[in-house]
Amino acid sequence: MKNWFKYITILFAGAGLLATSCEDSDQPVDQVVAGTERGAVLRTANLISNELPIGDASAGFSVELEIQDQENGALVDQVEVYVGFRDNTESIGPGTDVDEALYGTVASSEFTNGPFGLPRFSYSIALSDMLAFVNRTDADITGGDQFTVRFELVLSDGRRYSFADNTGTLTGSFFSSPFLYTPTVICPVAADLFVGEYNLTVTPDSPIGGTPVWNDQVVTLSVGSTSTQRVFEATYLEGLAIGNGPESFTFEMICGETIALAGQGTGLSCSGVNITLGPIGDDVDSGTYDIADDSSFTVVFIENEGSACGGGPAVMTATLTKI
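One point on numbering: in this note's numbering, the residue at position 247 of the sequence shown is 247, and numbering is uninterrupted.
Check before you lean on any hint, since a few could be wrong.
Quick list of simulated restraints, FRET-style, between CB atoms [as the list claims (entries may be wrong)]:
no.	residue 1	residue 2	range
1	311	218	51 to 57 Å
2	291	245	31 to 37 Å
3	245	160	18 to 24 Å
4	323	90	36 to 42 Å
5	115	207	36 to 42 Å
6	46	164	20 to 26 Å
7	222	72	39 to 45 Å
8	124	285	47 to 53 Å
9	70	137	41 to 47 Å
10	321	56	29 to 35 Å
11	269	292	25 to 31 Å
12	190	70	43 to 49 Å
Within a straight-line C-alpha distance of at most 20 Å, the following computed EDC-like cross-link-like pairs (lysine to aspartate or glutamate) qualify [stated by the list, open to error]:
no.	residue 1	residue 2
13	322	192
14	322	233
15	322	290
16	322	293
17	322	157
18	322	305
19	322	216
Simulated from the structure, these hints should not be mistaken for laboratory data. The C-beta atom is built at its ideal place from N, Cα and C for all residues, glycine as well.
Work out the full structure: start from the sequences and follow the hints.
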């Protein structure tokens with residue numbers, strides 16, 4: 001398996017940051033900054049583009065942001081933008097990351113008045129510009145590589161706020177204020193591919209229950225939270241008739257390889273330790289797919305990541321065949 005695990009973990013952990021906007025935007029900020037020294041946050045109003053399809057000349061990162069502080073955005077003098085690169089595929093390109101550096105600034109004069117009376121601005125960077133900035137070419141990147149785009153608020157008194165100042169409140173449902181974005185290079189997967197009804201089989205049997213992880217059955221695949229994710233639902237260890245219900249299972253399709261997301265719940269636990277499913281390590285061959293033929297593909301994943309119940313982790317292979 002290529003070095004996808006770092007990418008998948010980052011992606012999975014960051015998924016909760018991409019929340020949609022809320023209408024009462026000027027109320028929660030008062031609660032958060034009331035006990036602070038004139039702080040400020042940068043809220044994601046609309047994440048327009050966070051995927052970078054290989055071969056797409058128009059590919060780029062784009063986001064609309066809203067500034068909030070105790071003075072309705074008036075405390076912010078400018079926003080600095082930093083760009084870096086994470087090389088998650090050692091076999092293609094130099095195999096090294098590029099530390100972030102200052103890419104540009106957005107002056108307060110460029111802000112516009114948003115629908116809640118707070119300043120907003122949109123920011124876009126073309127893939128070609130990001131490549132040039134980090135001294136990489138098209139040949140140096142492939143699916144799973146990531147750029148980092150970090151915003152830093154600079155207040156009129158010189159204080160700064162960015163990713164390192166975040167708390168769970170700021171990155172949560174309303175604020176969606178990560179400051180840091182990771183636009184990811186992808187091999188495009190059309191929305192009408194690898195979806196619909198598939199026959200599912202899994203081998204070998206689970207070491208925990210002595211039965212298949214999922215019974216042989218028909219599942220319905222759908223597009224996940226990104227264009228390269230696919231999701232289906234099935235009941236874990238259904239053959240044991242424990243009574244747990246179906247849970248979602250999500251995997252990424254990355255340039256011919258399928259990679260399960262980490263920490264996926266099964267609805268079961270042992271002595272308080274959840275039984276989870278997740279990605280394989282670098283020493284195991286990944287599942288594969290053919291972008292030109294969605295009739296059948298495999299997903300290789302780990303059952304029981306945390307070795308709950310005294311068993312596992314175990315490598316499982318799911319085969320999905322289109323009906």
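Each hint, compared with the structure:
{"no.": "1", "hint": "311 to 218: 51 to 57 Å", "in the structure": "28 Å, violated"}
{"no.": "2", "hint": "291 to 245: 31 to 37 Å", "in the structure": "33 Å, holds"}
{"no.": "3", "hint": "245 to 160: 18 to 24 Å", "in the structure": "47 Å, violated"}
{"no.": "4", "hint": "323 to 90: 36 to 42 Å", "in the structure": "38 Å, holds"}
{"no.": "5", "hint": "115 to 207: 36 to 42 Å", "in the structure": "55 Å, violated"}
{"no.": "6", "hint": "46 to 164: 20 to 26 Å", "in the structure": "24 Å, holds"}
{"no.": "7", "hint": "222 to 72: 39 to 45 Å", "in the structure": "41 Å, holds"}
{"no.": "8", "hint": "124 to 285: 47 to 53 Å", "in the structure": "38 Å, violated"}
{"no.": "9", "hint": "70 to 137: 41 to 47 Å", "in the structure": "46 Å, holds"}
{"no.": "10", "hint": "321 to 56: 29 to 35 Å", "in the structure": "30 Å, holds"}
{"no.": "11", "hint": "269 to 292: 25 to 31 Å", "in the structure": "41 Å, violated"}
{"no.": "12", "hint": "190 to 70: 43 to 49 Å", "in the structure": "47 Å, holds"}
{"no.": "13", "hint": "322 to 192", "in the structure": "13 Å, holds"}
{"no.": "14", "hint": "322 to 233", "in the structure": "16 Å, holds"}
{"no.": "15", "hint": "322 to 290", "in the structure": "13 Å, holds"}
{"no.": "16", "hint": "322 to 293", "in the structure": "10 Å, holds"}
{"no.": "17", "hint": "322 to 157", "in the structure": "61 Å, violated"}
{"no.": "18", "hint": "322 to 305", "in the structure": "28 Å, violated"}
{"no.": "19", "hint": "322 to 216", "in the structure": "14 Å, holds"}
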